[in-house]
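Protein chains in written order, with the working numbering: chain A, 1 to 226; chain B, 227 to 452.
If a hint is listed, it holds; no wrong ones were tucked in.
Mimicking DSS-like on lysine-lysine, the simulated pairs with C-alpha atoms at most 27 Å apart in a straight line are:
(1) Lys290/B / Lys64/A
(2) Lys66/A / Lys49/A
(3) Lys137/A / Lys422/B
(4) Lys205/A / Lys431/B
(5) Lys64/A / Lys54/A
(6) Lys363/B / Lys196/A
No wet-lab data here; the hints were simulated from the structure. Here the structure is a predicted model, which is why all the values come from computation and not from measurement.
Number of protein chains: 2
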Amino acid sequence: MTVSVPPIRSRRARRRDAAGTREALLAAGTELFAERGYEGVPVSAIAQKAGVNKAMINYHFGGKRKLYLAIVSATFSEIVTSVERLADSPRPAPDVLRELIAVVGETVTQHHPHFCTMMLREVLSGGKHVERELIDKPVRILSAVQGIVARGVREGAFRPVDPLLTHLSLVGSLVFFFATQRFRERVLADRRIAMKAPDAAAYVKHIQDLLAHGLAAHGASRRRRA
Amino acid sequence: MTVSVPPIRSRRARRRDAAGTREALLAAGTELFAERGYEGVPVSAIAQKAGVNKAMINYHFGGKRKLYLAIVSATFSEIVTSVERLADSPRPAPDVLRELIAVVGETVTQHHPHFCTMMLREVLSGGKHVERELIDKPVRILSAVQGIVARGVREGAFRPVDPLLTHLSLVGSLVFFFATQRFRERVLADRRIAMKAPDAAAYVKHIQDLLAHGLAAHGASRRRRA
DNA sequence: GTCTATAGGCTGATAGAC
DNA sequence: GTCTATCAGCCTATAGAC
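Take the sequences, apply the hints, and build the full model.
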């Protein structure tokens, strides 16, 4: 029974060069870290899921922590890029803000379903070991959102709200929702409740409307499109 | 140098009966778990901070996990109680919602500064080991907020918003803010940025106003007090 | 009730064969 | 580049003296 167990990695004739190993480790790490957090994942689990040996983590990334940082950093960069592109749009601030919410929602649900969980977990750990390079990414998102809100206030489309507080409430409600969505689904399933957890698209629309009404200057509730 | 080190516990002539030990462990655990998460805290650290021996955790609580649950459960119960009391108020829904936000803000800042962090961390861990008894507490908060919002919609004070989505956005923006506040303070201090992190009171007011405007039925933006 | 001492398990990292 | 084998370190929990 113990003879000639076919190597896991050979299924589907997976490429097995150095780059393939790196990618397999990144993919496995992304999923596991998001689900269980940095300390909740032994390197052996990552190696097993990737179909390679533990030692490869040290060889390719120089340790568990560096693998983790590579994952978080790569994902974060994508989000920052798409948010910053939007912030440069010359369209009316309320429209830009509405689209920013939609874009963030789509990005995290479709391309990076674990992103919010990972970032939130990292922040909750006190940012004790968050490196410099990583920490200015949220700052760039902050700047982008702040800029849009400040412009809306300046142009009279928004009430004179505080852009920083507005940013926090916007990002907070989105990040919270996406980071806790799996939990809600799980609880409902475990208790066999016939209700289904709120849909991401519905929530995005809810936040769009809440901010449109909540920020609008008096009498400007109805959006005026170009 | 190793002779007669005065026992830590004797400072301030602390009471050292069984109840005192229990309380010391609860207090130490609350702070440490909130700061570093369940897995980030060795029992030895809790024992040291409490000024007692490791073995006491097992004697009094039956293990690390049960100590943790005792802490989370006790804190959570207090919050649920105060929220439910408010939900029964017969006053206009917008006023009740505004006060609910204020009460939650005061409770978590003054009495339970680590509460949001702990709950969020627990949820992010997938609720894998969240016991039944604990899980219906968020459900009770959900019911309370949902009830207030649904009444406001029924009475025509609010737009026809979805009460569940509204609850999520409200709780999300608050929990996110309080759970990440220490992180912001820390980052600003570490980078020696002369700005100070947004004040909790200011944020509470921001959310109150955002929801007042964001939920108000058209033409009912201005609050009408009794 | 509280302590010391220790058992027993799991972790991240590395040395060295291939 | 990739593996096997192994290390030292840390963790939780418990046995047993006081």
